[in-house]
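*Asks:* Work the whole structure out from these sequences, hints included.
What follows is the residue order along each chain.
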Amino acid sequence: MSLEWMAWTLPTALFFVTIAMLLAGMTVWQAVRPSIERRGFLRLRTTRGDRLFIGLLGSAYIHLAWLGLTDWSLWGALAVSIAWMAIVMRWG
Amino acid sequence: MNKIQDNRAWFLVMPVFVIVAMSAIIPLMTVVNYSVQDIFGPGNRVFVGAEWFIDVLGDRRLQEALWRQFLFSGLVLLIEIPLGVMIALTMPKRGWGVSATLVLIALPLLIPWNVIGTIWIIFTRPDIGLFGVIVNALGLGFDHTASPLDAWVTVMLMEVWHWTPLVALLAYAGLRAIPDAYYQAARIDGASAWAIFRYIQLPKMRGVLTIAVLLRFMDSFLIYAEPFVLTGGGPGNSTTFLSIHLVKIAVGQFDLGPAAAFSLIYFLIVLLFCWLFYQALQSVGTGDRA
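Chains as they are written, first to last, in the UniProt record's numbering: chain A, 1 to 92; chain B, 1 to 290.
What the hints contain is simulated information worked out from the structure, not anything from laboratory work. A few of these clues could be false.
[Stated by the list, open to error] For the chain A half of the interface with chain B, some residues (derived, Cβ under 10 Å), not all of them:
id, residue
1, M6
2, P11
3, F16
4, T18
5, L57
6, L67
7, L74
8, G76
9, W91
[Said to hold, decoys possible] With a cut-off of at most 25 Å between alpha-carbon atoms, the simulated SDA-like pairs for lysine to any residue come out as follows:
id, chain 1, residue 1, chain 2, residue 2
10, B, K204, B, M91
11, B, K248, A, G68
12, B, K248, A, L10
13, B, K248, B, E64
14, B, K93, B, A186
15, B, K248, B, S23
16, B, K93, B, Q184
17, B, K204, B, I87
18, B, K248, B, V270
19, B, K93, B, A173
20, B, K248, A, W5
21, B, K204, B, Y278
22, B, K248, B, L83
23, B, K248, A, M6
24, B, K93, B, L83
25, B, K204, A, L44
26, B, K248, B, A146
27, B, K204, A, R45
[As the list claims (entries may be wrong)] Here are some chain B residues pointing at chain A (derived, C-beta under 10 Å):
id, residue
28, V36
29, R45
30, A50
31, I54
32, Q253
33, I265
All values reported here derive from a predicted model rather than from experimental measurement. The beta-carbon is built from N, C-alpha and C at its ideal position, and this holds for glycine as well.
*Replies:* Right, dumping it as structure tokens:
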């Protein structure tokens with residue numbers, strides 16, 4: 001089966017592999033140690049999966065804001081996103 | 001009680017997962033791939049990084065379409081939700097009138113969307129349309145093909161006519177679910193009609209109204225067929241909403257890269273609002289503040 005029509009590139013492939021690994025990792029983590037709903041600084045009842053979603057959605061907006069408002073390197077947006085993700089996962 | 005652990009149930013979910021993968025996830029991945037490349041043709045493409053996203057974010061016409069879209073969806077919610085509730089409050093509660101009203105109200109929902117556009121083109125034509133001729137006879141000079149304001153009025157009228165029935169039906173269902181005991185208690189206390197609405201009907205309708213707001217926001221934010229048929233996005237760009245602009249880039253100009261980048265931004269906006277409304281829905285009735 002040719003995947004040429006999907007027009008894969010290395011960066012997008014890495015992006016999706018990372019997402020897939022995050023989801024797989026979260027599934028294993030959930031099976032080993034189930035998540036308990038709690039409330040953090042976001043003032044929402046969230047499970048670990050909810051916080052991952054909030055972290056990813058927030059990261060997407062961080063990248064868009066970075067692209068739209070600055071002309072700095074996107075690696076900066078990635079660094080901010082990872083920090084945001086860590087904060088949300090730990091204290092969100 | 002011990003919870004039965006039987007993971008074989010997951011196999012029953014597999015068909016759905018495969019269908020969703022084929023119909024949504026794989027196409028979405030392809031869009032992501034397209035958004036970072038300049039596609040000239042099959043097998044002929046160049047990686048351009050975030051260039052399309054920068055282009056799209058700085059594109060004035062897309063920004064205008066975005067604000068137009070927010071204005072449109074905001075107006076839709078401001079008009080359709082109160083109007084739908086008002087209609088639901090005046091609908092008959094028993095007797096033969098109930099089914100007659102329900103059928104009449106549901107009629108606009110049964111018409112295919114592009115037919116709705118065609119109906120309104122004819123209805124509002126200044127030369128032969130019932131609405132157009134009457135308004136022009138009043139001396140208002142109405143022509144939705146020439147005046148942006150008239151085009152907006154026509155699109156809004158069409159949208160309200162088409163979708164307020166859904167809000168009314170949902171609100172009606174919410175009203176019918178209120179037990180009579182509440183009304184009896186209100187009568188004993190001598191509550192006014194406004195007090196009954198404010199402290200009984202409105203709180204009890206909160207669940208269905210949240211669903212109505214969610215559905216109406218999503219549908220109006222993704223609107224395509226009706227304004228496309230009615231005005232084609234004109235006059236000028238005055239009724240070019242996001243999806244109309246997107247189709248112009250993707251199909252009209254065949255700029256797949258920018259169209260893909262914009263689709264992803266569009267998707268993220270819809271995703272964010274879905275999530276916000278979902279949070280609001282979740283907190284309804286739990287006493288939590290979202």
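*Asks:* Please go over all the hints and tell whether each is borne out by the structure.
*Replies:* Status of the hints after comparison with the structure:
1. M6: M6/A check passes; min Cβ-Cβ to chain B is 5 Å, inside 10 Å.
2. P11: Interface hint status for P11/A: holds (7 Å vs cutoff 10 Å).
3. F16: holds (6 Å)
4. T18: violated (13 Å)
5. L57: holds (6 Å)
6. L67: holds (5 Å)
7. L74: This hint holds: L74/A lies near chain B, its Cβ roughly 6 Å from the closest one there, short of 10 Å.
8. G76: violated (12 Å)
9. W91: Because about 18 Å separates W91/A from the closest Cβ in chain B, which is outside the 10 Å limit, the hint is violated.
10. K204/B <-> M91/B: Status holds; Cα separation ~17 Å.
11. K248/B <-> G68/A: Answer holds: K248/B to G68/A is near 23 Å, not above 25 Å.
12. K248/B <-> L10/A: violated (29 Å)
13. K248/B <-> E64/B: This hinted pair holds, its Cα atoms lying about 15 Å apart.
14. K93/B <-> A186/B: Holds, at roughly 18 Å.
15. K248/B <-> S23/B: holds (23 Å)
16. K93/B <-> Q184/B: Roughly 16 Å separates the two Cα atoms, so the pair holds.
17. K204/B <-> I87/B: Distance of about 17 Å is within 25 Å: holds.
18. K248/B <-> V270/B: holds (20 Å)
19. K93/B <-> A173/B: Roughly 11 Å separates the two Cα atoms, so the pair holds.
20. K248/B <-> W5/A: Status holds; Cα separation ~22 Å.
21. K204/B <-> Y278/B: At roughly 18 Å apart (the allowed maximum being 25 Å), Y278/B and K204/B satisfy the hint.
22. K248/B <-> L83/B: Not satisfied, since the Cα-Cα distance of roughly 34 Å exceeds 25 Å.
23. K248/B <-> M6/A: At roughly 22 Å apart (the allowed maximum being 25 Å), M6/A and K248/B satisfy the hint.
24. K93/B <-> L83/B: holds (18 Å)
25. K204/B <-> L44/A: Holds - the C-alpha atoms of L44/A and K204/B are around 23 Å apart, at most 25 Å.
26. K248/B <-> A146/B: holds (21 Å)
27. K204/B <-> R45/A: Measuring from Cα to Cα gives roughly 23 Å; hence the hint holds.
28. V36: holds (6 Å)
29. R45: Holds, because the Cβ-Cβ distance from R45/B to chain A comes to roughly 6 Å (cut-off 10 Å).
30. A50: Since chain A brings a Cβ to about 6 Å from A50/B, closer than 10 Å, the hint holds.
31. I54: holds (5 Å)
32. Q253: For Q253/B, the interface hint is violated, since the closest Cβ of chain A sits about 19 Å away, which is over 10 Å.
33. I265: holds (7 Å)
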